[in-house]
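Q: Top line first, the protein sequences correspond to chains A and B.
Numbering of the first sequence is given in my numbering, commencing with residue -14 and proceeding in unit increments.
Numbering of the second sequence is given in my numbering, commencing with residue -17 and proceeding in unit increments.
No lab work stands behind these hints, which were simulated from the structure alone.
Backbone N, C-alpha and C fix where the C-beta goes; we use that ideal spot for every residue, glycine too.
Any given hint could be a false lead.
What the hints assert, rightly or not - Listed next, the in silico EDC-like pairs over lysine to aspartate or glutamate satisfying Cα-Cα at most 20 angstroms (straight line):
1. B:K96 / A:D445
2. B:K301 / A:E172
3. B:K269 / A:D335
4. B:K164 / A:D445
5. B:K90 / A:D187
6. B:K90 / A:D335
7. B:K200 / A:D335
8. B:K138 / A:D335
Claimed, not checked - Far from chain B by the CB rule (all over 10 angstroms, computed), these chain A residues:
9. F38
10. P42
11. L152
12. N273
13. L357
14. P372
15. G428
16. V450
17. L468
What the hints assert, rightly or not - Covered stretches of chain A, going by a simulated chain B footprint (3 or more residues, C-beta under 8 angstroms):
18. 162 to 176
19. 387 to 400
Below are the chains, spelled out letter by letter.
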Amino acid sequence: MDIFANLWLGASTAFMPMNLFYGFIGCLLGTAIGVLPGLGPTATIAMLLPITFGLPPESALIMLAGIFYGAQYGGSTTAVLINLPGESSSVVTAIDGYQMARNGRAGAALATAALGSFFAGSVATILLAVAAPPLAAVALNFGPAEYFSLMVLGLVASVALASGSLLKAFAMIVFGLILGTIGTDVESGTPRYVFDIPELYDGLNFVAVSMGIFGICEILRNLESEHERSVGVKRVTGLMLTKEDFKRIIAPVLRGTALGSFLGVLPGGGAMLASFAAYAVEKRVSPNRAEFGKGAIEGVAAPESANNAGAQTSFIPMLTLGIPGNPVMALMVGAMIIQGITPGPNVISDEPELFWGMIVSMWSGNLMLVILNLPLIGLWVRMLTVPYHLLFPAIIGFCCIGAYSINNSVFDVFVMAGFSVIGFALSKMRFEPAPLLLGFILGPMLEENLRRAMLISQGDPSIFVRSPLSLSLLIFAVVVLALVLSPSISRKREEAFTE
Amino acid sequence: MKLRRFMTFAAVAAAICATSLQASYAQDYPTKTVTVVVPFAAGGNTDTFGRLVAEELDKRLGQRFIVENKPGAGGNIGLGDLARSNPDGYTIGMGTVSSNAINQTLYKTLPYDKEKGFAPISLIASLPNVLVVNPDKIKANNVEELIAFLKAEPGKHTYASSGVGTSIHLAGELLATKSGIKITHVPYKGSSQAILDVVAGHVDMMFDNIPTAAQQVKAGKVKALAVTSLETAALLPDVPTMASVIPGFEATSWHGLFAPPGTPPEIVEKLSKEVQAIIAEPAMQEKLKAMGVTPVGNTSAEFQAFIDKETVKWAEVIKAANVPLQ
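Isolated chain A (complex conformation) (with noise of 0.2 angstroms):
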């Protein structure tokens, strides 16, 4: 098992121009894809499948791969410049992005975001090279009884998203919950709130409610101004980060990037909680928290190097186990059969090729990726003095493209406009949409593997507590409650919001 020798397989495959130039479009559309709202990975993977039918699958593997992670990229670019999340793991990005751009940071959140995702991809690509099968062993020890105690965790963490009241954010929080429970119960089969109407029976759709509540519903606000936009009437300052920002980005970079990196190996989770767990975290330890929800570049650099490290790391189990983590490495073993290689255990020995061409890939696609990126950002940011009125239109049409593309329905579309609506209403009374995201995607995955845990214990709650990984992360999830409920805590956070 020599490491340089495989790499130096990897590289002789990756560095094919053939193949490079596959990974090459592969980035490029990603990021045309990420940064049109809606439009996902997916969708794009899903339309350019039969494309792949007649590459090989070296090629066909990378240029899909390039998607993937190009998408995520993109993803943020809308979030900072129009408070409109891309890809569902940019949702965070723009609470803190959107701020900065607010202030005049445009070029400097997205900056941050390429240069983070960079790094996040990078670290990634070594840790998938030298750690893959260990950390896929990690995979299988997260059952239902040690997934539920993470979402535990990650619920009580997710109060510490709001910036708000306290308050607010916990009803954000049960509201979200309450719409996660809208579909087909996976215990039982029995429907749920769906009033018989098919579309509900797989629970509402998460790109639909998120463009909804922050994308149309930001329209809606700037449309009530018109003449006092809140974006672009700031004179972009510095496309480039100082030295100050610097030195404030390093650690959330490395701290998003090992949460990212960790969290995205588990399947089902993804980039997307990894996005939304380093925000959480960052706005606990940094020592600028006073400044985040108002444009803090600590909370852009931490989930952005978070969901590029954990989409990198979703390989993980699709290739060393052969199971895909989430819809896209879904769409890539359907890929991999489709070209004859059936995904499993063996892909590394079987076809060490594909399995380490893919990995050099993804560095060399990284590093196309920023080169694209950072020269790109001045004419994005320059979208922002394009008059609003001609801009608006556009995003709506993007956004209806988008939401229609998820599923070939329309019923999303009209999901989306329902949620702009209710976004519109929670922003007026001041609720902040991020906790509601957060309960709605953790809400089911808690309910189902709590279940699914009692159901294989036989009814026996001791399960939580008997595994040693489960335990840990309960008792972890006290102490955090424990920290955002003491007194002394909760004051300072009070005096904090309340300048």
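Knowing the structure of chain A, use the given hints to seat chain B on it.
A: Just chain B now, with coordinates in the frame of chain A:
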């Protein structure tokens, strides 16, 4: 008055044109792009088979056959769309054992007329399931030992599935009712998470579609006890059939092509012939067999008879196992 006469003339002319069009319709078909609705997400088995056949139809008939994924509600959304589309042969769609045989019983209401059903074009592929067990959790080397082992510890063991009412779940129920064992069902959203938990030992066993499960078997992560097709499977030639222990045990995941009800029989027949020819091609046979799939092409009537048989079979299992209706 003049206008009225003109209108009558136009209506008559249109009617004549329509009739003559109808006759030459099937011969000329297809003259424009055909949409192939896949009622499941891209990348899955149904999608893969749909795309493989669509690509060949494209080449043979000289028109684009475009796959459109309309996932949701266990395939009901896509099939509802298919049922509502024009029965002119320009919208056809994929269907599976779940969407076209199990859901008829499992769902109280469907977004289309159960009685009218669809016009079956041809079966494409049949995918056997394989019973895999975690060797640390289940001490058994064959199905007889498994049944004895589970009977000794009733209710203590678990099997995973890709969701309530899927062919993978019902295969488990079929085993339980036929052999009289008691075992707890643990449903997942999709089979990939489920097989992961069987590999890790969180759940004891499951039936899974053969291509992915075979890889786990070959890597020694799980033990294969039996396949659910009547003949042994090419990917796992040493694994016996369930039917050799429990006679008549068959639980395959099949995928076929359908047209909306009321599609002209000539068009259905034309498509059926093409699909059968596509599947009979050696290259396609090889491709499908490498995926662990049994390629099947048949006529519309044969396919309909098969669907009716499957619908009755799974209705009996659903009733015997008391699977809650949705």
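Q: Each hint should be assessed against the structure and marked as holding or not.
A: To see whether the hints hold, each was checked on the structure:
no.: 1; hint: B:K96 / A:D445; in the structure: 42 angstroms, violated
no.: 2; hint: B:K301 / A:E172; in the structure: 18 angstroms, holds
no.: 3; hint: B:K269 / A:D335; in the structure: 19 angstroms, holds
no.: 4; hint: B:K164 / A:D445; in the structure: 18 angstroms, holds
no.: 5; hint: B:K90 / A:D187; in the structure: 17 angstroms, holds
no.: 6; hint: B:K90 / A:D335; in the structure: 47 angstroms, violated
no.: 7; hint: B:K200 / A:D335; in the structure: 12 angstroms, holds
no.: 8; hint: B:K138 / A:D335; in the structure: 38 angstroms, violated
no.: 9; hint: F38; in the structure: 7 angstroms, violated
no.: 10; hint: P42; in the structure: 13 angstroms, holds
no.: 11; hint: L152; in the structure: 33 angstroms, holds
no.: 12; hint: N273; in the structure: 39 angstroms, holds
no.: 13; hint: L357; in the structure: 26 angstroms, holds
no.: 14; hint: P372; in the structure: 37 angstroms, holds
no.: 15; hint: G428; in the structure: 14 angstroms, holds
no.: 16; hint: V450; in the structure: 16 angstroms, holds
no.: 17; hint: L468; in the structure: 31 angstroms, holds
no.: 18; hint: 162 to 176; in the structure: holds (count 7)
no.: 19; hint: 387 to 400; in the structure: holds (count 3)
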